[in-house]
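Chains as they are written, first to last, in this note's numbering: chain A, 1 to 157; chain B, 1 to 145; chain C, 1 to 461.
In case anyone wonders, no lab produced these hints; they're calculated from the structure. Yeah, the Cβ is synthetic: ideal placement off N, Cα and C, and Gly gets one too. One should not assume that every hint holds.
[Said to hold, decoys possible] Chain C side only, calculated, beta carbon under 8 Å to chain A, not exhaustive:
hint, residue
1, Val129
2, Tyr139
3, Ile140
4, Gly148
5, Arg152
6, Ala154
7, Thr155
8, Val158
9, Ile159
10, Leu169
11, Met170
12, Ala174
13, Tyr176
14, His177
15, Met184
16, Ala185
[What the hints assert, rightly or not] Result set (SDA-like, lysine to any residue): computed pairs, CA atoms no more than 25 Å apart in a straight line:
hint, chain 1, residue 1, chain 2, residue 2
17, B, Lys27, A, His98
18, A, Lys27, B, Ile47
19, B, Lys27, B, Arg88
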Amino acid sequence: MTLIVSLAIGVLFAAGSYLLLQHDFIKVVGGTILIAHSVNLFIMVSGLSRGTEPIYPLGDGARVSDPLVQAMVLTAIVISFGVTALLISLIYRVYVSHRSVDIEHLSDFEERLVQLEEQQVPPEPGIGVLEDREVDEDDESDQPDRDGIQRDERATE
Amino acid sequence: MNNDMARQAARLLLLPTWMVAFAILIKGYSDSGDGFSGGVIAALGVIMQYVTFGTAVAEKLRPVRYARQIALTGLLLALATAFTPVLRGQSIMTHFPGPNEHATHIGSLELTTPFLFDIGVFLLVMGVCVGVFDLLAHATRRDRS
Amino acid sequence: MLIVLGLGILWFSGVCAAILDGRRRWVGFASVAAILAAIAALVALGMNVRDEGPQTMTAGGWPSGVGIGLTADMLGVTFALLSLGVLLAALTFEVFNGVRSQSFPALVLLLGAGLTGVFLTADAFNFYVFFEIAMISSYILTGYGDEGRQLRSATIFVIVNLLGSAFFLMGIAALYHQTGRLDMAGIAARVALLNPTSVILSAVLIFTAFGIKLGIFPFHFWLPAVYTGTRPAVAAILSGAVANIGTYGLLRWGGGMLPDELHTAAPMFFALGVISILYGSLQALSRRSVAEVVAYSSIGQVGFILVALAIGGPAGFAAAVLFAIVNAVNKTLLFLSENLRGWLTGFAFAVGAFSVAGVPPAGGFLGKAGLFQVAAQDDNWIVIALVVVGSVLSFIYMFQIYQRRFWTPEVAESANAVASPVSVRAVVVVLAIITLLIGFWPEPVLWVSEQAGQSFATTRP
Numbered sequence: 001m002t003l004i005v006s007l008a009i010g011v012l013f014a015a016g017s018y019l020l021l022q023h024d025f026i027k028v029v030g031g032t033i034l035i036a037h038s039v040n041l042f043i044m045v046s047g048l049s050r051g052t053e054p055i056y057p058l059g060d061g062a063r064v065s066d067p068l069v070q071a072m073v074l075t076a077i078v079i080s081f082g083v084t085a086l087l088i089s090l091i092y093r094v095y096v097s098h099r100s101v102d103i104e105h106l107s108d109f110e111e112r113l114v115q116l117e118e119q120q121v122p123p124e125p126g127i128g129v130l131e132d133r134e135v136d137e138d139d140e141s142d143q144p145d146r147d148g149i150q151r152d153e154r155a156t157e
Numbered sequence: 001m002n003n004d005m006a007r008q009a010a011r012l013l014l015l016p017t018w019m020v021a022f023a024i025l026i027k028g029y030s031d032s033g034d035g036f037s038g039g040v041i042a043a044l045g046v047i048m049q050y051v052t053f054g055t056a057v058a059e060k061l062r063p064v065r066y067a068r069q070i071a072l073t074g075l076l077l078a079l080a081t082a083f084t085p086v087l088r089g090q091s092i093m094t095h096f097p098g099p100n101e102h103a104t105h106i107g108s109l110e111l112t113t114p115f116l117f118d119i120g121v122f123l124l125v126m127g128v129c130v131g132v133f134d135l136l137a138h139a140t141r142r143d144r145s
Numbered sequence: 001m002l003i004v005l006g007l008g009i010l011w012f013s014g015v016c017a018a019i020l021d022g023r024r025r026w027v028g029f030a031s032v033a034a035i036l037a038a039i040a041a042l043v044a045l046g047m048n049v050r051d052e053g054p055q056t057m058t059a060g061g062w063p064s065g066v067g068i069g070l071t072a073d074m075l076g077v078t079f080a081l082l083s084l085g086v087l088l089a090a091l092t093f094e095v096f097n098g099v100r101s102q103s104f105p106a107l108v109l110l111l112g113a114g115l116t117g118v119f120l121t122a123d124a125f126n127f128y129v130f131f132e133i134a135m136i137s138s139y140i141l142t143g144y145g146d147e148g149r150q151l152r153s154a155t156i157f158v159i160v161n162l163l164g165s166a167f168f169l170m171g172i173a174a175l176y177h178q179t180g181r182l183d184m185a186g187i188a189a190r191v192a193l194l195n196p197t198s199v200i201l202s203a204v205l206i207f208t209a210f211g212i213k214l215g216i217f218p219f220h221f222w223l224p225a226v227y228t229g230t231r232p233a234v235a236a237i238l239s240g241a242v243a244n245i246g247t248y249g250l251l252r253w254g255g256g257m258l259p260d261e262l263h264t265a266a267p268m269f270f271a272l273g274v275i276s277i278l279y280g281s282l283q284a285l286s287r288r289s290v291a292e293v294v295a296y297s298s299i300g301q302v303g304f305i306l307v308a309l310a311i312g313g314p315a316g317f318a319a320a321v322l323f324a325i326v327n328a329v330n331k332t333l334l335f336l337s338e339n340l341r342g343w344l345t346g347f348a349f350a351v352g353a354f355s356v357a358g359v360p361p362a363g364g365f366l367g368k369a370g371l372f373q374v375a376a377q378d379d380n381w382i383v384i385a386l387v388v389v390g391s392v393l394s395f396i397y398m399f400q401i402y403q404r405r406f407w408t409p410e411v412a413e414s415a416n417a418v419a420s421p422v423s424v425r426a427v428v429v430v431l432a433i434i435t436l437l438i439g440f441w442p443e444p445v446l447w448v449s450e451q452a453g454q455s456f457a458t459t460r461p
């Protein structure tokens, strides 16, 4: 019995890991669900024993199945349910902002942001050279590109 | 399947679903049942309204408008049940009629503080499920418009 | 009753803050007051522990091995106070800066409740439950700010830590299957009787989970992306409060419950620590923005903690706790001041930079000195050389980023071109003063870490 359950845990974990590596965010969430379920099954199997329900009154010398494991699995299921709900809300939020649920698009957006930021940075002097111009802390240094980024972000929303 | 039939069924089934959910909550002490599963089934009744009637109609239901308050009331109830014994000097989550003591019965249900805790869990789970589904339902609505 | 007082305050006030709108000033200040009250309760608990020894409470009034136990010993109280202090600083910073989301104070309070529960529990599965409460709050906090960068950070953070939690749960289930107990004392007693070959697998799973949390070398890939993408207050919370779960977990589970496995794995810990230090420092040398440098520096600093754990024994554990305390204060200071301007912030950042580099009188040198001392006792020249190299590298990259940020004139600004209010900068300056205080008056911190390191009996041969 333990062998069959262990095989099931292995298959679930393998399927979950495969899905975790996909591009589509929804498939990634499906992968996390499968992995969470494989772990729940693992908890169940750690206390596997044949017996009646662990509710009083018990018969004399009756073998009882392990209630501790069942309590742990209930808790683990609720926790994974909560985190899955959170992940799905995150998918929704990503979709609203970027109009796609592809994780690659999210990374590309981040890279574009970084590139735009880097382009505004003026060519810096080397580490050892300290510019000793009179520093006037001007708040209104011209920052058209910063606004450009803002406009870009809003356009994708 | 006719849409009208689905709507009739959904309208009729809302309260019985909540009855079943409450029954699962109550029978958890002598049979299989739990506050968590009761809460999920109660939320399922509300979600059924979303599916058959659409977001615009279903979001006016009371449990949806007050989902956050329901969930936080449930959480406060559960926390109060857990922490009140501390104020009296006992350990956290000590339940009021202790083991092997006599408890007041309504039928086969014992009125004990674990039951109060379970009601808290029921409300919390129902509020959370309905709230999350409401958020996601608005996603599809914005998408269509 | 004192054990659960802090936990109860944080939990109830978190729920109340969730009902209210967190963007209002009074809600923010009320949340700060709640954290202060919880810190006061924990200090009282700490004094109780110092006078009378570890305090215990078993939930439900059940006998000690049966019910879920809560134990307050010096190690747990130290970490709880450290994490709550970081949360206090970050929440105050954000309240003064203007909270943007109505659930921010509630989330910080619930994170505090989860962290307090993690550090004060004596039951393995209860540890997991509080760990998850804290992590779910931090998942939502990572997305605070709602810009694209935060969404990407949140996505990465959630998925990686979900995997970590799955591994941790598997480790707990495996330990339960082998020992039949869930309370930490019972597990520790029974693990000693088991065949070490079978326990080593559970130990590996648990170590992987805490390694992911800390961000040490093989599991560090998520750390720079998340720490640079989140807002400064949240980055401070993640590096100063949430990362403590990793250190505490390695100490409690490794030193407390699986000491033989920790001893067996010490060479691997040492190797991973060395690689983390070198990798983090070398990467930090080549980065340009403050957040990236501090993020890679985090990888380096937790490498030191791992080296201290590899040395083991009460002295090694004390050095690890000392380093964790100093590192949390440093990282909070550095992350909170990453976007601010002005000479006050420059002073604070300089203190933080010197602290990371290990230059007195900023407090960071304590951690390195502790490690130095432990290594010198064992004639461990490799560790001494490592500490020196690590300090030199961190001095270079910290000085580099300080110069780039505060000495050269700034053309590109962060999101707000308006100078931040004085109260915000005051928070950062207070943190810098605390860092200097630790440097000038180290006795309390040294005593606390020594007590914490002795929390478990040494089984090291």
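To see whether the hints hold, each was checked on the structure:
no.	hint	verdict
1	Val129	holds (6 Å)
2	Tyr139	holds (6 Å)
3	Ile140	holds (7 Å)
4	Gly148	holds (5 Å)
5	Arg152	holds (5 Å)
6	Ala154	holds (6 Å)
7	Thr155	holds (6 Å)
8	Val158	holds (6 Å)
9	Ile159	holds (6 Å)
10	Leu169	holds (5 Å)
11	Met170	holds (6 Å)
12	Ala174	holds (7 Å)
13	Tyr176	holds (5 Å)
14	His177	holds (4 Å)
15	Met184	violated (15 Å)
16	Ala185	violated (17 Å)
17	B:Lys27 with A:His98	violated (47 Å)
18	A:Lys27 with B:Ile47	holds (23 Å)
19	B:Lys27 with B:Arg88	violated (30 Å)
Hints 15, 16, 17, 19 from the earlier list are contradicted by this structure; the remaining hints agree with it.
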